[in-house]
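Q: Each chain, letter by letter, is given below.
Number of protein chains: 2
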Amino acid sequence: MSEVGQPAGRLRIAVIGGTGVLGSGLAQRWARAGYPVVIGSRDAGKAAQAAAAIAVPPGLPPVRGLSQSEAAVAADVIVLTVPFAAHNASLDAIRPSCGGKIVVDATVPLVPPKVGTAQIPIEGCAAVQASQRLGNDAVVVSAFHNISAHKLGGSDPIECDVLVFGDQRAAREAVIRLVEAAGLRGLHGGPLANSIAAEAMTSVLITINRLYKVDGAGIRITGP
Amino acid sequence: MSEVGQPAGRLRIAVIGGTGVLGSGLAQRWARAGYPVVIGSRDAGKAAQAAAAIAVPPGLPPVRGLSQSEAAVAADVIVLTVPFAAHNASLDAIRPSCGGKIVVDATVPLVPPKVGTAQIPIEGCAAVQASQRLGNDAVVVSAFHNISAHKLGGSDPIECDVLVFGDQRAAREAVIRLVEAAGLRGLHGGPLANSIAAEAMTSVLITINRLYKVDGAGIRITGP
Chain A
0 MSEVGQPAGR LRIAVIGGTG VLGSGLAQRW ARAGYPVVIG SRDAGKAAQA AAAIAVPPGL
60 PPVRGLSQSE AAVAADVIVL TVPFAAHNAS LDAIRPSCGG KIVVDATVPL VPPKVGTAQI
120 PIEGCAAVQA SQRLGNDAVV VSAFHNISAH KLGGSDPIEC DVLVFGDQRA AREAVIRLVE
180 AAGLRGLHGG PLANSIAAEA MTSVLITINR LYKVDGAGIR ITGP
Chain B
0 MSEVGQPAGR LRIAVIGGTG VLGSGLAQRW ARAGYPVVIG SRDAGKAAQA AAAIAVPPGL
60 PPVRGLSQSE AAVAADVIVL TVPFAAHNAS LDAIRPSCGG KIVVDATVPL VPPKVGTAQI
120 PIEGCAAVQA SQRLGNDAVV VSAFHNISAH KLGGSDPIEC DVLVFGDQRA AREAVIRLVE
180 AAGLRGLHGG PLANSIAAEA MTSVLITINR LYKVDGAGIR ITGP
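First to last, the sequence lines map onto chains A and B. Position 122 of the first sequence, counting from 1, maps to 121 under numbering that gives the first Met the number 0, and the rest follow consecutively. Position 202 of the second sequence, counting from 1, maps to 201 under numbering that gives the first Met the number 0, and the rest follow consecutively.
Take these hints with a grain of salt, some might be off.
No copy labels: a pair is met if it fits in one copy or bridges any two.
Result set (EDC-like, lysine to aspartate or glutamate): computed pairs, CA atoms no more than 20 Å apart in a straight line [what the hints assert, rightly or not]:
no.	residue 1	residue 2
1	Lys150	Asp75
2	Lys113	Glu158
3	Lys150	Glu69
4	Lys45	Asp136
5	Lys150	Glu122
6	Lys212	Asp136
7	Lys212	Glu172
8	Lys113	Asp166
9	Lys45	Glu69
10	Lys45	Asp166
11	Lys150	Asp214
12	Lys150	Asp166
13	Lys45	Asp75
14	Lys150	Glu179
15	Lys45	Asp155
16	Lys113	Asp214
17	Lys212	Glu69
Because the hints were derived from the structure by calculation, they are not lab data.
Pulled out of the complex, with its shape left as it was, chain A reads as follows (with noise of 0.2 Å):
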């Protein structure tokens, strides 16, 4: 999938909901492990402007940023990072351009204000949910639900594994070298239909946050 003046066997990521904390981060730390990114906006300029203001070393290619749908059309694999509320409309922007491509899905299904108590979508949870959405060409693989995004910015430890959901093994395998390449573990959590257990934990999560009056609460999976 690697082109012209891109390093060889580097995917190019689109990151769609790229001008929020965790999209941003995720960004960040892809560019700087030498990803081509491009981050996908509603507002193509808002898109440039959270491009430029991630720093890459010197000839590691530059963020750019673009509408959503030409974010997606430059891409090998699309990240989801939106609110809940974007979810579909985001899903219809890309879906013309998702043929074949891995879509990674963070989006969780918070209903603000009580963002601390879990919601099922009736699909089961929100990456079944785009997988009906985009249909059969798109191999939706969902990650990212349990990251404290604004960690993501910094360069503490991030003590939280990422599990990866997918009914296909081998996406999830790509999406897992994604996950390492961010600085995280990854680990295989199964079909997309268990996505719902990391969906809803960002529920938990959030409520031990509150209640423990701690930062950015994890989970760190034991034995493997």
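Keeping the supplied structure of chain A fixed, place chain B upon it in accordance with the hints.
A: Using the frame of chain A, we list chain B on its own:
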């Protein structure tokens, strides 16, 4: 709630489904911590056998075995450790005796043979299913979903936190004390609806056990 002949402040615990691995492991740990424990089973004879198999230090109340309904009558706190297929029947058995009592539901909605795939009951999770079936009088709290049951019988430290869900904070607190009495760390997980996070996580952990060839993966919450 203590009676003559029982250590003051020690809740009497019924473990419904206490002939299984999870139930007998918990019963053993609570009995050795000095709690009066009754094992409840559909077959009172099997309950008595399971109770007799639990050695308790001299001076502490021995574990007794009764039918499910008798065990529920005899307890202050009722703990449910039954397979999902027996969930509704067990709830019906204890319903007449659980008014005003805390019912700790450990049920995970696993549907064999695909136990590595999360299932979502129409009520949203097994714990809310229990609460709706028992009615307003019982105070349902859910916990112990992610503990590798066979490890409860051993003496090695168990690398797993116990998330405790319930709509009443005081009831969650009481259950967290029981978790601690069993030698584990319990954490507030928020309202009962959040139980789906831990219930579905069990299928994730089963998947991880299989894919990574580990014995009893668990979860740790980082932060608190």
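Q: A separate judgement is required for each hint: does it hold in the structure or not?
A: Going down the list of hints, with the structure as the test:
In the homo-oligomer, the alpha carbons of Lys150 and Asp75 never lie at most 20 Å apart, since the shortest distance is 26 Å inside one protomer and 44 Å across protomers. Taking the shortest alpha-carbon separations for Lys113 and Glu158, neither the intra-copy value of 25 Å nor the inter-copy value of 31 Å comes in at or below 20 Å. Neither within a single protomer nor between protomers do Lys150 and Glu69 lie at most 20 Å apart by alpha-carbon distance, with minima of 28 Å and 52 Å respectively. Taking CA atoms no more than 20 Å apart as the test, Lys45 paired with Asp136 passes in neither setting, with 29 Å inside one copy and 54 Å between copies.
Within a single copy, Lys150 and Glu122 get their C-alpha atoms no closer than 30 Å, and across copies no closer than 35 Å, so neither meets the 20 Å cut-off. For the homomeric pair Lys212 and Asp136, neither the shortest alpha-carbon distance inside one copy (43 Å) nor that between copies (32 Å) is at most 20 Å. In this homomeric assembly, Lys212 and Glu172 come within 20 Å of each other (Cα to Cα) only across copies, at 17 Å, whereas the closest approach inside a single copy is 35 Å. When the C-alpha separation of Lys113 and Asp166 is checked against a cutoff of 20 Å, the pair qualifies only between copies, where the shortest distance is 14 Å, while the shortest distance within a copy is 30 Å.
In this homomeric assembly, Lys45 and Glu69 come within 20 Å of each other (Cα to Cα) only inside a single copy, at 14 Å, whereas the closest approach across copies is 66 Å. For the homomeric pair Lys45 and Asp166, neither the shortest alpha-carbon distance inside one copy (34 Å) nor that between copies (41 Å) is at most 20 Å. When the C-alpha separation of Lys150 and Asp214 is checked against a cutoff of 20 Å, the pair qualifies only within one copy, where the shortest distance is 10 Å, while the shortest distance between copies is 31 Å. In the homo-oligomer, the alpha carbons of Lys150 and Asp166 never lie at most 20 Å apart, since the shortest distance is 29 Å inside one protomer and 30 Å across protomers.
Neither within a single protomer nor between protomers do Lys45 and Asp75 lie at most 20 Å apart by alpha-carbon distance, with minima of 22 Å and 59 Å respectively. Taking the shortest alpha-carbon separations for Lys150 and Glu179, only the intra-copy value of 16 Å comes in at or below 20 Å, while the best inter-copy value is 31 Å. In this assembly of identical chains, Lys45 and Asp155 lie within 20 Å of each other by CA distance neither inside one copy nor across copies; the values are 28 Å within and 54 Å between. Taking the closest pair of Cα atoms, Lys113 and Asp214 come within 20 Å of each other only inside a single copy of the chain (19 Å); across copies the shortest separation is 37 Å, beyond that limit.
Within a single copy, Lys212 and Glu69 get their C-alpha atoms no closer than 41 Å, and across copies no closer than 42 Å, so neither meets the 20 Å cut-off.
Figure legend: structure checked against the earlier numbered hints; hints not met, in rising order: 1, 2, 3, 4, 5, 6, 10, 12, 13, 15 and 17.
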